[in-house]
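Asks: Below are the chains, spelled out letter by letter.
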Amino acid sequence: MQRTVDKIIDRYGAEEAELLAVLMDIQAEYNYLPRPALERVSEVMGVSRSRINYMATFFSAFSLEERGKHICTVCMGTACHVRGAPMLVEEFERILEVKAGGTTEDMQFTLETVNCVGACALGPLVIVDGEYHGNQKSAQVSRLVKKVRKADAKEGAA
Amino acid sequence: MIDIVIDGKTIQAEQGASLLQTALDNGIDIPHLCYHPAVEAYGACRLCLVEVTAESHGRKKTKLTTSCNYPVLPGIEVVTDSENIRENRKGVLELLIARAPKAKRVRELAAEYGVDAQAYPVSGEECILCGLCIQVCKDVMGVEALGFIGRGDKKDVGTPFDDLSKECIGCASCASVCPTQCIEVIDTADTRELPRWRAIHKLVRCRICGKAVATEKHLAHLKKTVNMDEDVRSVCPTCRREFYAKQAMAEGHM
Chain A
0 MQRTVDKIID RYGAEEAELL AVLMDIQAEY NYLPRPALER VSEVMGVSRS
50 RINYMATFFS AFSLEERGKH ICTVCMGTAC HVRGAPMLVE EFERILEVKA
100 GGTTEDMQFT LETVNCVGAC ALGPLVIVDG EYHGNQKSAQ VSRLVKKVRK
150 ADAKEGAA
Chain B
0 MIDIVIDGKT IQAEQGASLL QTALDNGIDI PHLCYHPAVE AYGACRLCLV
50 EVTAESHGRK KTKLTTSCNY PVLPGIEVVT DSENIRENRK GVLELLIARA
100 PKAKRVRELA AEYGVDAQAY PVSGEECILC GLCIQVCKDV MGVEALGFIG
150 RGDKKDVGTP FDDLSKECIG CASCASVCPT QCIEVIDTAD TRELPRWRAI
200 HKLVRCRICG KAVATEKHLA HLKKTVNMDE DVRSVCPTCR REFYAKQAMA
250 EGHM
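First to last, the sequence lines map onto chains A and B.
Counting in numbering that gives the first Met the number 0, the final residue of the first sequence is number 157, and the numbers go up one at a time with none missing.
Counting in numbering that gives the first Met the number 0, the final residue of the second sequence is number 253, and the numbers go up one at a time with none missing.
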């Protein structure tokens, strides 16, 4: 992990101003911000742990807890909300058997909500592993999950 | 030095100095919680509101602003108490009392401004999130053991990753500047505990009189930052004074 983190820091330089970019790349690498990685960032960049912790907890895009392999995000912005986003969340919670913000026991899925992704015309929106799905109905949720599971199974078989 | 007017009185002040500090130095009281002369004004508590009239683009304009982080500028006229100011401070206090109903100082100020009905949902906190402890820890002590955590209604002050602090040296500076006195320091025979930061430190006792001097980590920190005789660093201030007095006498300064 140390070498991976060092490489990421090398991309931007050890200036404090680059902290956000470094944290984003670490999150992209591990799907969350692992403690040892942050300790290493503090050491190499000379930024206090308090400062890193503040940044990591300030942005809801960062997670300090390990997240699942696949991340399902339901937009709960106003436009999506009035078009039934809460029902989508409920459906996800039912299918994945996990509360919003949580990760399934098998570490496959993390369910998150976000307050507006800026694509209100497409609401309600669901983002699965970075892919945007607009105009979703709760009946489509299980299809989304199945698709991911199927792709995984295929990958596993190959 | 320039002349400014506060509450109709002309006052000599240093340009660029904090308006709040200038007023306080001249015996003009402006209520405040989060201001401390040792660190840069942060303007968190919003209590030190005053009305400043200044000329801009040839027109005189009056605006409501926090005085702690407003600089003394040539020609400004300041009012520290008016109907408008009191009304706004009252609004601020309604928020503060909802946030920190247990804090004595906040309650006193609220009573003074006639805030009783709690207009907002009440939390059981004492901390008003002014961040003074964080600033003192970082800028005065040079430690950075504390920081803000999260944001919005979940914002808090604490140690990184919420565990036993590696950085805290147990100097208790945070507790001494806290305007709501919400940082508890528990000294026992040989330990100092700061429950809010979940830190327990070993206390060092004075070699001569046996009184508690400071924590082990604090002394180690002083060793790095202050040039002081090893002999006197680990004795209490009283014995230290005695040591230096004796030394001065022996050298014939007294």
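Derived from the structure by calculation, the hints contain no laboratory data.
A hint or two may mislead.
[Stated by the list, open to error] In the EDC-like style, the derived pairs of lysine to aspartate or glutamate whose C-alpha atoms are separated by at most 16 Å in a straight line are:
hint: 1; chain 1: B; residue 1: Lys-165; chain 2: A; residue 2: Asp-128
hint: 2; chain 1: B; residue 1: Lys-8; chain 2: B; residue 2: Asp-28
hint: 3; chain 1: B; residue 1: Lys-245; chain 2: A; residue 2: Glu-38
hint: 4; chain 1: A; residue 1: Lys-145; chain 2: A; residue 2: Asp-128
Asks: Confirm or reject each hint.
Replies: Results of checking the hints against the structure:
1. B:Lys-165 x A:Asp-128: violated, 36 Å
2. B:Lys-8 x B:Asp-28: It holds: about 14 Å lies between the C-alpha atoms, which stays within 16 Å.
3. B:Lys-245 x A:Glu-38: Answer violated: B:Lys-245 to A:Glu-38 is near 48 Å, above 16 Å.
4. A:Lys-145 x A:Asp-128: Holds, at roughly 14 Å.
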